[in-house]
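Enquirer: Here's the letter readout for the chains.
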Amino acid sequence: MIEVREITKRFGRKEVLKGVSFTAEKGEITCLIGVNGVGKTTVMNAIMNLTPIQSGEILIDGQKINKRSYEKIMFIPDAITMLPQMTIQQAMQFMDDFYESWNEKRAKELLDFFKLEEGNKISNLSKGNTAKINLLLGLALDVDYLLMDEPFSGIDIFSREQIADVFTSHLVEDRGVIITTHEINDIEHLIDKVVILNDGTVVKSFYTEEVREKEGKSVIDVLREVHLQ
Amino acid sequence: MTNFFKLLRFELDRFFKLYIVLIVVTIVSQLAGLVIISKLYMRRAREEIVVNQNSMESFLETYGQFSLANLTHSLWFFGPIALCIVSLLIYVFFIWYRDWFGKNTFIYRLLMLPTERLNVYLAKAMTIFTMVLGLVSLQIVLIYLEMNLVRLLVPRDFRLDLTIHEVIRSFDYFNILIPDSFLGFLISYGTGLMAVFVLFTAILIERSYRLKGVFIGGLYVAASFFVFISPLILSEIFLPRFFYPIEMFLLEVFAGLIVMTGAIWLGYYLLNKKIRV
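Those protein sequences? They're chains A and B, same order as listed. Here the first sequence stands for residues 1 to 229, where the numbers follow full-length UniProt numbering. Here the second sequence stands for residues 1 to 277, where the numbers follow full-length UniProt numbering.
By construction, these hints were calculated from the structure, which means they are not laboratory data. All clues stand as given, with none of them false.
As a list, the in silico DSSO-like pairs of lysine-lysine whose alpha-carbon atoms are at most 30 Å apart:
1. Lys-103/B <-> Lys-127/A
2. Lys-64/A <-> Lys-274/B
3. Lys-67/A <-> Lys-273/B
4. Lys-115/A <-> Lys-103/B
5. Lys-67/A <-> Lys-274/B
6. Lys-217/A <-> Lys-193/A
7. Lys-6/B <-> Lys-72/A
8. Lys-26/A <-> Lys-72/A
9. Lys-17/B <-> Lys-121/A
10. Lys-273/B <-> Lys-72/A
11. Lys-273/B <-> Lys-64/A
12. Lys-103/B <-> Lys-14/A
13. Lys-274/B <-> Lys-14/A
14. Lys-273/B <-> Lys-18/A
15. Lys-212/B <-> Lys-14/A
16. Lys-108/A <-> Lys-103/B
17. Lys-212/B <-> Lys-18/A
All chains should be built: construct the whole structure from the sequences, respecting the hints.
Expert: If you want it as structure tokens, here you go:
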């Protein structure tokens, strides 16, 4: 389980996170939602120790993040994190060189799934294919948790559908996923839990099934309510 | 350790193309320079002796014998060396900043590797160090080549054969780049490596605290420099003629080790606790 406990974060004088707390379980897809600039990416970066926090604690399976944690949890940011001059094959080789959890078989499977060519240079890829490569490099690791920052941002409808299909496949099964997205329509039916961020705090956190069954509301309905308040 | 070497190989690969360009420019410039300078010298000799009917002795008295020192004092020789030094100095900054800026933010990948983040820092420093050693080695090999080439281009009577030590001494800054003793090597390259660590840590301070970090980083570099030269200040201002040379040397080594260890420790701390993508 990923536990985010009362984390605060300031950029200069601006307090971006004011005591954010939530948990994300293995086998569940947790969606962080909020308007632009609310601190979703900062939360992701903080979980991965890519930005320092002022106070609070983040635990992954009960432990603070350390070098071994990166074999257990992977972050897929919305920008490609491989060198532009690399080919897809070289990017995969890089992952294979450094990660024990790299699963070559799954990587090949994902290449076929996304219909990508190993010899293609990363700099020549379209926005949609870049997002797919990002996803491939994360999903091909045998990690327990995946963090995805805006995986649907700026990509065409067909690539979006293809990426959304990944969430219903065995590729994500049994893993804990934290995802941030504005394209809630694409994955609403896939999400288990929603954490709504506003003004640096968690304003609401709920299981989608509960809301659907007990209140008959969709995630968007709840979001609308929160924003109208 | 394995990850350190993997990172080192990776960083070396990233610099490889530019490195090859530097090597080719150095080789071409120095060898072409030697051919051109020696040809000019021999043409002048021919003009003086054959056309102007001067004796060889009077020519040699006026122009001196040709030696590799003629080359080492020319732009053909020190131009590419200066280019290599400037390129490597720029690369000390570029090796970090390119991972943050641009379309592809590779720093995410580096910081999320399942290895000590200090390995990234050390691999980058070792890349710079290896590059410097590689270029210096190339220069030594080139000097040997040039010594042999001079023998082919300039007749015995017109040339003065220098030993490698004499060639190195003929070019002022060579004593720093190619010291003539192991101790000299330790001093030159130890100081160089320390400077790289200090600059790396200053860059990480800037990357951690951004605008405020520019100021803090500047202060840190100044403080490191002050600590490094503190034995000199002590002996020059406060305790003149108090220390024996060997004591001064040991104090300087100690100060250098403090600065170097401090830079690595601070780099480790920043990478683990303060760095921002």
